[in-house]
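Participant: Take a look at the letters that make up each chain.
2 protein chains.
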Amino acid sequence: MTLPEIRAYLQKHKIDAYFLPRNNMFLEEDILPEENLILALTGFSGSAASLVICQDKTYLFTDGRYELQSKMETDPKEVEIICSSADFPFVWLQNHFENGKFSLMYNPWLVSAGTIAKFCAMFSQAKLINDDKGLIKLAASAKKAHVFKLSEEYAGISAEEKISEIIPMIKQNGCDAYLLTSANEASWLTNLRSDALPDSPILRAYALIKKDGSVILFADNTDDANILPLSKLEKNLKEVKKGKLGVDKKNLPQMICEIFGEKNLVDIGDIIRNKQIIKNEVELQGYIEAHKQDAVAMIKFLYWLDNNYKGKTELDIVAKVDACRAQDDKFLCKSFDTIAATGSNGAIVHYHPSESTNKVLERNSVLLLDSGGHYQNGTTDITRTIALGLPKSQIIDANTIVLKAHIALASTVFPKGTTGVALDAICRKELWQENMDFKHGTGHGVGFILNVHEAPRISTQAKNSHFAANMVTSIEPGYYKENDFGIRIENLYYTKECKNSNLLKFEVLTLVPLDKRLINKYLLDEGEINWVNVYHQKVWETMSPYLDNKHKEWLEDACAPL
Amino acid sequence: MTLPEIRAYLQKHKIDAYFLPRNNMFLEEDILPEENLILALTGFSGSAASLVICQDKTYLFTDGRYELQSKMETDPKEVEIICSSADFPFVWLQNHFENGKFSLMYNPWLVSAGTIAKFCAMFSQAKLINDDKGLIKLAASAKKAHVFKLSEEYAGISAEEKISEIIPMIKQNGCDAYLLTSANEASWLTNLRSDALPDSPILRAYALIKKDGSVILFADNTDDANILPLSKLEKNLKEVKKGKLGVDKKNLPQMICEIFGEKNLVDIGDIIRNKQIIKNEVELQGYIEAHKQDAVAMIKFLYWLDNNYKGKTELDIVAKVDACRAQDDKFLCKSFDTIAATGSNGAIVHYHPSESTNKVLERNSVLLLDSGGHYQNGTTDITRTIALGLPKSQIIDANTIVLKAHIALASTVFPKGTTGVALDAICRKELWQENMDFKHGTGHGVGFILNVHEAPRISTQAKNSHFAANMVTSIEPGYYKENDFGIRIENLYYTKECKNSNLLKFEVLTLVPLDKRLINKYLLDEGEINWVNVYHQKVWETMSPYLDNKHKEWLEDACAPL
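Respectively, the protein sequence lines represent chains A and B. For the first sequence, this note's numbering assigns the number 562 to the last residue and increments by one with no breaks. For the second sequence, this note's numbering assigns the number 1124 to the last residue and increments by one with no breaks.
Check before you lean on any hint, since a few could be wrong.
Unchecked claim - Taking lysine-lysine pairs in the DSS-like style, the calculated list, with each CA pair at most 27 Å apart, reads:
1) Lys-794/B with Lys-806/B
2) Lys-101/A with Lys-773/B
3) Lys-1100/B with Lys-127/A
4) Lys-516/A with Lys-481/A
5) Lys-1001/B with Lys-249/A
6) Lys-496/A with Lys-794/B
7) Lys-241/A with Lys-724/B
8) Lys-499/A with Lys-1001/B
9) Lys-812/B with Lys-463/A
10) Lys-1100/B with Lys-1061/B
11) Lys-171/A with Lys-235/A
12) Lys-463/A with Lys-837/B
13) Lys-1058/B with Lys-439/A
14) Lys-235/A with Lys-211/A
15) Lys-724/B with Lys-794/B
16) Lys-1043/B with Lys-416/A
17) Lys-576/B with Lys-695/B
18) Lys-250/A with Lys-811/B
19) Lys-101/A with Lys-733/B
20) Lys-1025/B with Lys-416/A
21) Lys-1043/B with Lys-874/B
22) Lys-211/A with Lys-242/A
23) Lys-244/A with Lys-733/B
24) Lys-825/B with Lys-101/A
25) Lys-1067/B with Lys-1114/B
26) Lys-811/B with Lys-101/A
27) Lys-680/B with Lys-250/A
28) Lys-263/A with Lys-825/B
Don't read these hints as lab results, they were simulated from the structure.
Let's have the full structure, built from the sequences with the hints guiding it.
Facilitator: See the structure below:
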């Protein structure tokens, strides 16, 4: 169905609006292009979106990262873009239907029970209509996914041990089982992965964890005979139905409430995440090693770029950096679609080059390169902004301010339990002083060969992300000047306890030099200069043994003190 | 009744616990000592407290500021102190009554409807028992309060104009009236004040605002014949009862729900606060002038202290600083009970000297002095830490780090809408780097001749305080070394828009020198030294015209560059 057809249906059936978030049944960010109903309907390919289709018009809600891109990808006659936060459609509905009397259609696989509850609390006079006829049909991938087990050598803890730690929480809450609907967490719990998605090795399955320790996985289209098809989910849930089923309503498709019934459903929250985002010692060692492998690839790429950028396009860059990573024996896949943006494309925060937007690298400007890999031993995510020729001083100064913001957060110590909102301000403050800012989060947790974006978050919204030791997170402030250039400096870090105190610090994982050609030393104070020099010294010492002479020479120069 | 008598009652009637927050019917912080049931029952005089009286024992919940004081004031055989956050009793109940089956008695005048709703959501199996027999009786003051009107010369806006701005919000929410149960806000709305409390000139009244613009005030024991006694509240609410009554359930005593009935009660939140905490231009000018008057008093006091501290006690200090303020023609009353703490008393965060704790000022230590006044034109609140003799270098360095934290926040610019959590981290970061911290908020809004503590807040908890222009707030980081010394540096500021940007900055109100004898210049960077010098230059230029020669000479010295 097209948007005009859906609107005609709404008109005919006197339904005021259709609410469609960018979800599949796992309610997570990573979905296949063929599952992306918003892409199919509007052309918008960004990773944060929801639609409200009204009888006369369609409203697309996204966030600041996609302000420019969303306008470029959609038809302004059909789609009005509203850039705000993910929560915004509800506030908008409140203003749009002032008397609160309206009907809203939705697909219960794509909307969480938590969202439905919030909707009902906000709009006591509105009417919800379940799209059970499939006006907007879920699209599935035809590809059969290969399922594989992470070796314990890398996972550190067996699935059995992880499950045994979860069971007491299920029992304590008086439940007979727990339905885990987060694919990211089900993959972590079972140590299983798959090749279903191009850049996230998660196994896209629901896990029904019974209090006796047995786990049944549900997923379609896999090569693992132990995984039941989704059509068996209903029957298995009904077997639990005599007892109580624990769930996390915030992440539970409303459909499960309809299948299981509300009565014996107990909302015990996400009992996995707080274990999953604290990395064990083996995982941490894996991240450290994977970042060395990744640094070899990035250093080779940067060396190549310095000597070969003239006449190359953004897509050439993507091909080259991806090829450099693929040389590593342990490389599995990219951790997300590589972003290579030159000149004004850099100002489109999460721009991905395509045949239609592809640009030849601009001289005397910068290349913004955000990329990463999943390896057998860990996951990486790095952004470097790289000088091409002689960028103007405005770019150099902006890059230096972004670097100051990066250092401010990377070098701070902070008490256990500090929130992502607090850390965010420590970083952004450096930009605010120069009347600069950026419209995306400052950092995100990075899954262990799972989704590259997970908890905790560092952002103005992350009031519920409380930091603890052994979390892996990015720090990635940026600055974007529309129609001109974009800058982002991203390293991964893990949190570590300081000696003899209750404080945490960030220990760096990423080992790739920052582009000194983009640093105006006179804008840095002594402590900041020292931070850059100590970082580069560490990069040099750790990475030089892995490089041949020509790359070693390049690195020595790149890592020389400011 | 005593705690053992209450416990005996609970045992006899098989009631598991009695929940008693430190409230009167206005659910605000400022209460009279004779209304303080927790003080009467336990001896604890702090401003943050709630009690859970169980059959065998009493649990007192307070926060980190009162960790030491609460232990000193209560009997450890009867009362167990639990230092955490204000929300904690519920979490504690959850752990204490593990199966969730327990009965809890409470007085519905002292507990908000919001708290009761939260309780019911958390404890579906618990039983609430309304203390309608008055096991713990509310205590009222016998004193008749004098009610007076703020002149528009100082208030800036008439009560009629303020009310006319509130009416549309009442109508938009489909209500016929709004019951305002915050005395702070009712005082602001009506421009009325009273002398009921010793250090907060609020009129302690409920305001019933009808959609026709008429306002009925309810309060006992006033000299204003237009104010109805509280006994008339029920009848007047019943007259509204045909229609809908708007309330803010978070701040509404549960008793009102029981009088009015839940059915026609509409929770439309606090519709006054966001107007009240944005000061108008006349109010802001009043704050500015009042701070000059206050600075004259403080400078005279500091001059006196330098020459006379030997042999003086903390209570002598309180008497002297209070007397200095009282000399001003526009002085109304203190804005809170003066804190003067020397040596180890300074480490008790909200210590107030009394006959039993009073100490002679320690030589070679510091005096922590936190005081303020209400004037006809505004309200002040200032803390200075003052050298007595030659304090050890540990104190000087600690004071310098606290100063760095103060400057970090005072000199930052930040986008409109930034939360108090974010601002808190910018301040505290400077302390974290030295493994220091403090267990109280970083700042609070300051009412205009109202409660000295109001919204917005700057703290690790203040995720819902969003900053806008023209708010008046304190910045007051500190450091407290148990059994040794205490430091706090507090100025008031108002938020102001930066030119040509969406950013806010803090504009200083307080004009009293910082003690340079406690500043180790070598711990400050150039920007921080410059901040101190610019501040002192402003103090000197503004204040010197108001002083006689001996005070002027003292100030010139105090304000000379670092």
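Participant: Run every hint past the structure and note whether it holds.
Facilitator: Verification of the supplied hints:
{"no.": "1", "hint": "Lys-794/B with Lys-806/B", "result": "holds, 19 Å"}
{"no.": "2", "hint": "Lys-101/A with Lys-773/B", "result": "holds, 24 Å"}
{"no.": "3", "hint": "Lys-1100/B with Lys-127/A", "result": "violated, 61 Å"}
{"no.": "4", "hint": "Lys-516/A with Lys-481/A", "result": "holds, 21 Å"}
{"no.": "5", "hint": "Lys-1001/B with Lys-249/A", "result": "violated, 35 Å"}
{"no.": "6", "hint": "Lys-496/A with Lys-794/B", "result": "violated, 61 Å"}
{"no.": "7", "hint": "Lys-241/A with Lys-724/B", "result": "violated, 57 Å"}
{"no.": "8", "hint": "Lys-499/A with Lys-1001/B", "result": "holds, 21 Å"}
{"no.": "9", "hint": "Lys-812/B with Lys-463/A", "result": "holds, 20 Å"}
{"no.": "10", "hint": "Lys-1100/B with Lys-1061/B", "result": "holds, 21 Å"}
{"no.": "11", "hint": "Lys-171/A with Lys-235/A", "result": "holds, 22 Å"}
{"no.": "12", "hint": "Lys-463/A with Lys-837/B", "result": "holds, 25 Å"}
{"no.": "13", "hint": "Lys-1058/B with Lys-439/A", "result": "holds, 23 Å"}
{"no.": "14", "hint": "Lys-235/A with Lys-211/A", "result": "holds, 18 Å"}
{"no.": "15", "hint": "Lys-724/B with Lys-794/B", "result": "holds, 25 Å"}
{"no.": "16", "hint": "Lys-1043/B with Lys-416/A", "result": "holds, 21 Å"}
{"no.": "17", "hint": "Lys-576/B with Lys-695/B", "result": "holds, 16 Å"}
{"no.": "18", "hint": "Lys-250/A with Lys-811/B", "result": "holds, 25 Å"}
{"no.": "19", "hint": "Lys-101/A with Lys-733/B", "result": "holds, 18 Å"}
{"no.": "20", "hint": "Lys-1025/B with Lys-416/A", "result": "holds, 18 Å"}
{"no.": "21", "hint": "Lys-1043/B with Lys-874/B", "result": "holds, 23 Å"}
{"no.": "22", "hint": "Lys-211/A with Lys-242/A", "result": "holds, 14 Å"}
{"no.": "23", "hint": "Lys-244/A with Lys-733/B", "result": "violated, 45 Å"}
{"no.": "24", "hint": "Lys-825/B with Lys-101/A", "result": "holds, 20 Å"}
{"no.": "25", "hint": "Lys-1067/B with Lys-1114/B", "result": "violated, 30 Å"}
{"no.": "26", "hint": "Lys-811/B with Lys-101/A", "result": "holds, 24 Å"}
{"no.": "27", "hint": "Lys-680/B with Lys-250/A", "result": "holds, 19 Å"}
{"no.": "28", "hint": "Lys-263/A with Lys-825/B", "result": "holds, 26 Å"}
Checked against the numbered hints given earlier, this structure breaks hints 3, 5, 6, 7, 23 and 25; the rest are met.
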